[in-house]
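Listed here are the chains, written in short residue letters.
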Amino acid sequence: MQKQQQNKAARMVVALAGLSLATLLPLGAHAAEKIKVGLMLPYTGTYAALGTAITNGFKQYVAEQGGTLAGREVEYFVVDDESDPAKATENANKLVKRDEVDVLVGTVHSGVALAMAKVARDTKTLMIIPNAGADELTGPLCAPNIFRSSFSNWQPGYAMGKVAAEKGHKTAVTLTWKYAAGEEATNGFAKAFEAGGGKVVKQLTLPFPNVEFQALLTEIASLKPEAVYVFFAGGGAVKFVKDYDAAGLKKSIPLYSSGFLTDGTLEAMGGAGEGLLTALHYADGLEVPKDKAFRTAYAMTYKMQPDVYAVQGYDAAQMLKSGLDAVKGGKLDQAAIIKAIGSATVDSPRGAFTLSSAHNPIQDIYLRKAEGKDNKLVGVAVKKLADPARGCRM
Amino acid sequence: MDFTTFLIQILNSLQYGLLLFLVASGLTLVFGIMGIINLAHGSFYMIGAYLAFALTSLTGNLMLSIALGIPLAFVFGALLEWLLFAHLYKRDHLEQVLLTYGLILIFEELRSLAVGDDVHGVDIPALFSASIPLSDTLSYPVYRILISAVCLLLAAGLWWLMQRTKLGMMIRAGSHDRDMVQALGIDINLLYRTVFALGVVLAALAGMLAAPISSVYPGMGSSVLIISFVIVVIGGIGSVWGALVAALLIGFADTFGKVLLPDLAGLAVYVLMAVVLLWRPEGIFKKG
Numbered sequence: 001m002q003k004q005q006q007n008k009a010a011r012m013v014v015a016l017a018g019l020s021l022a023t024l025l026p027l028g029a030h031a032a033e034k035i036k037v038g039l040m041l042p043y044t045g046t047y048a049a050l051g052t053a054i055t056n057g058f059k060q061y062v063a064e065q066g067g068t069l070a071g072r073e074v075e076y077f078v079v080d081d082e083s084d085p086a087k088a089t090e091n092a093n094k095l096v097k098r099d100e101v102d103v104l105v106g107t108v109h110s111g112v113a114l115a116m117a118k119v120a121r122d123t124k125t126l127m128i129i130p131n132a133g134a135d136e137l138t139g140p141l142c143a144p145n146i147f148r149s150s151f152s153n154w155q156p157g158y159a160m161g162k163v164a165a166e167k168g169h170k171t172a173v174t175l176t177w178k179y180a181a182g183e184e185a186t187n188g189f190a191k192a193f194e195a196g197g198g199k200v201v202k203q204l205t206l207p208f209p210n211v212e213f214q215a216l217l218t219e220i221a222s223l224k225p226e227a228v229y230v231f232f233a234g235g236g237a238v239k240f241v242k243d244y245d246a247a248g249l250k251k252s253i254p255l256y257s258s259g260f261l262t263d264g265t266l267e268a269m270g271g272a273g274e275g276l277l278t279a280l281h282y283a284d285g286l287e288v289p290k291d292k293a294f295r296t297a298y299a300m301t302y303k304m305q306p307d308v309y310a311v312q313g314y315d316a317a318q319m320l321k322s323g324l325d326a327v328k329g330g331k332l333d334q335a336a337i338i339k340a341i342g343s344a345t346v347d348s349p350r351g352a353f354t355l356s357s358a359h360n361p362i363q364d365i366y367l368r369k370a371e372g373k374d375n376k377l378v379g380v381a382v383k384k385l386a387d388p389a390r391g392c393r394m
Numbered sequence: 001m002d003f004t005t006f007l008i009q010i011l012n013s014l015q016y017g018l019l020l021f022l023v024a025s026g027l028t029l030v031f032g033i034m035g036i037i038n039l040a041h042g043s044f045y046m047i048g049a050y051l052a053f054a055l056t057s058l059t060g061n062l063m064l065s066i067a068l069g070i071p072l073a074f075v076f077g078a079l080l081e082w083l084l085f086a087h088l089y090k091r092d093h094l095e096q097v098l099l100t101y102g103l104i105l106i107f108e109e110l111r112s113l114a115v116g117d118d119v120h121g122v123d124i125p126a127l128f129s130a131s132i133p134l135s136d137t138l139s140y141p142v143y144r145i146l147i148s149a150v151c152l153l154l155a156a157g158l159w160w161l162m163q164r165t166k167l168g169m170m171i172r173a174g175s176h177d178r179d180m181v182q183a184l185g186i187d188i189n190l191l192y193r194t195v196f197a198l199g200v201v202l203a204a205l206a207g208m209l210a211a212p213i214s215s216v217y218p219g220m221g222s223s224v225l226i227i228s229f230v231i232v233v234i235g236g237i238g239s240v241w242g243a244l245v246a247a248l249l250i251g252f253a254d255t256f257g258k259v260l261l262p263d264l265a266g267l268a269v270y271v272l273m274a275v276v277l278l279w280r281p282e283g284i285f286k287k288g
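Line by line, the protein sequences give chains Y and V.
Residue numbering for the first sequence follows my numbering, beginning at 1 and increasing consecutively.
Residue numbering for the second sequence follows my numbering, beginning at 1 and increasing consecutively.
The hints are simulated quantities; they were obtained by calculation from the structure and are not laboratory data.
Just so you know, not all the hints are guaranteed correct.
Okay, the calculated bits of chain Y under chain V, using three or more residues with CB under 8 angstroms as the criterion [claimed, not checked]:
1. 70-80
2. 197-209
3. 214-223
4. 247-253
In silico DMTMM-like links for lysine to aspartate or glutamate, alpha-carbon gap of 20 angstroms or less [unchecked claim]:
5. Y:Lys224 with V:Asp2
6. Y:Lys328 with Y:Glu90
7. Y:Lys87 with V:Glu109
8. Y:Lys202 with V:Asp263
9. Y:Lys250 with V:Asp117
All C-beta atoms in this analysis are idealised placements derived from N, C-alpha and C, irrespective of residue type, glycine included.
Construct all of the structure, not just a fragment, from the sequences and the given hints.
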């Protein structure tokens, strides 16, 4: 009887010790200020999959760091931006003013990102853009506290133009929706293609999200250029590639594009996408050790393959960590954080990159070829390509 | 632009114009003749396209899906008229706009709930998937010829119905004086229900035919709605013949505008509308 009671008491002591240890541990982490991260991304609508991939990537990096960034506990504030520019300012303000986040992470849609960037500039909130490619964000609208972990629309366009010129094509036609992303990409293409000795004979556009390409395909066929460069994504990309094939043009005129044409759309294209060459800052089959580890870990955690969006989310978290490392558990001194992120080398699955003075990645743009469901690495289109950041003063 | 290109662009213009006519003809019946400002008309086009997508996924055959879709659209249109639109004939335009705008939102939400927000493709039936080569690089798809042929037949049929049949006479009379037509012993409610359902069928059929060439995407109804109103207005409100001419004009303006003035793509249609309305404020053909 007595023995039983002693046993009970011993177990109680052990349990108490365990409990106090458990409470002590987070106390240690509390020594550093928490970091409040505002995730403003699309979780419904057309871009929901992209928003989710970015979030997964971000959280994967935090998990790899043991659930903290530079020893700081991470607290998430999540807002679904619905890819609706009309709600962007209100949503961003909610995160900044009500939740008092230390950093805004977002978003996919360029129009929403532009509104967020305005809030970030006005309130001097640190912001990391994990996708939106609008040139202005790191151009005329650049700011010391705004960073991008993704790309500018100009970058893959420019890289593809260089490749097309190197392949010896003399004439090209470009085609895109009449909206900023498309025009930035096709202008990038034209710039490099003409610098390489080619000539863009016509830049065709059609209103977004119009997918009736027939008149324009007829025009392309009659112009007989040696190459065609397009910027489309999602369902429009699928439709265009199918139509291009059906019009018999795929056999006669090579089609080039930014990687978004074939990212996540190859399956829907059926055979029509096979063999297409595209340029992007990520590819399947990269010989980067970091990428292999990243892909394995991502597949284990989320039971699906990562994509370029997951990489951009992952790198947004890495950039934040390099900023926080600079203030080593002390006060969140924004100037020090900005300086540290700006000079960081980000060990990305896409290959390490640094940031330009306008805070856009200086990164390798890969040339990829569509094979089955993959965008297989063919080579590097341009090494360490920096966006020209026209109009950025800071 | 060489001759073959020019020829194909003419075919493209005709095909696009005729398809627009199909949507606009339904609007001509409902807005032009029955006097209801129906903003939800574009939704019927969208519903048609999604119906084609859903039925083709089930049956694997677009032609069979269209054959099934037409009676479904008719019943849907008749029910909608009975439930909602029948109460609108005597209301003013503001109330019609409010109700039909609400319907757009409801249809979009329902679509989102039922099939999500993805863009879908529908395959062209194998029988019509070939292209006719016209020169070494240029060819014209058979399916587009089929669309043009179907639309032309329907245009002829519609003109015959309105101008040469007793039913058409009653519809036209009803648009001038509902009460008088009713007093003559004609069931005007049944007549209007039929005409409204016919309008829904025309828009839905256009959506079903367009599904393989324009793909199926959220919000596809709204762009078509605006163009349809432009067609009805520049054709002359209520004139089927005018709608046909206006739709063809717009097909040409859009196709050649896209190619010749790519920077102004999308604007050509509105320039055309401005020019026509300056020249004839009541449209090319007045209501007859």
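Outcome, coverage of the region 70-80 of chain Y by chain V - at least 3 residues whose beta-carbon is closer than 8 angstroms to one in that chain: With 0 residues close enough to chain V, the hint is violated.
Count the residues of the region 197-209 of chain Y with a beta-carbon closer than 8 angstroms to any beta-carbon of chain V: does the count reach three? Result for this restraint: holds, n = 7.
Go check the region 247-253 of chain Y versus chain V for me, would you? Three or more residues, Cβ under 8 angstroms, otherwise it fails. Three-residue rule met by the region 247-253 of chain Y, so holds; n is 4.
Holds or violated: Lys328 (chain Y) with Glu90 (chain Y), Cα cutoff 20 angstroms? Cα-Cα ~33 angstroms, so violated.
Establish whether the coverage given for the region 214-223 of chain Y by chain V is satisfied; the threshold is a Cβ-Cβ distance below 8 angstroms, and no fewer than three residues must meet it. With 7 residues in contact (Cβ-Cβ under 8 angstroms with chain V), the coverage given for the region 214-223 of chain Y holds.
Hint check: Lys87 (chain Y) vs Glu109 (chain V), CA-CA at most 20 angstroms. Holds or violated? holds (18 angstroms)
Mind checking the alpha carbons of Lys202 (chain Y) and Asp263 (chain V) for me, to see if they're no more than 20 angstroms apart? holds (11 angstroms)
With the threshold set at 20 angstroms, check whether the alpha-carbon distance from Lys224 (chain Y) to Asp2 (chain V) stays at or below it. Holds, at roughly 12 angstroms.
For the pair supplied as a hint, Lys250 (chain Y) and Asp117 (chain V), is the alpha-carbon distance within the 20 angstroms limit? Roughly 29 angstroms separates the two Cα atoms, so the pair is violated.
When each numbered hint is compared with the structure, violations occur for hints 1, 6, 9.
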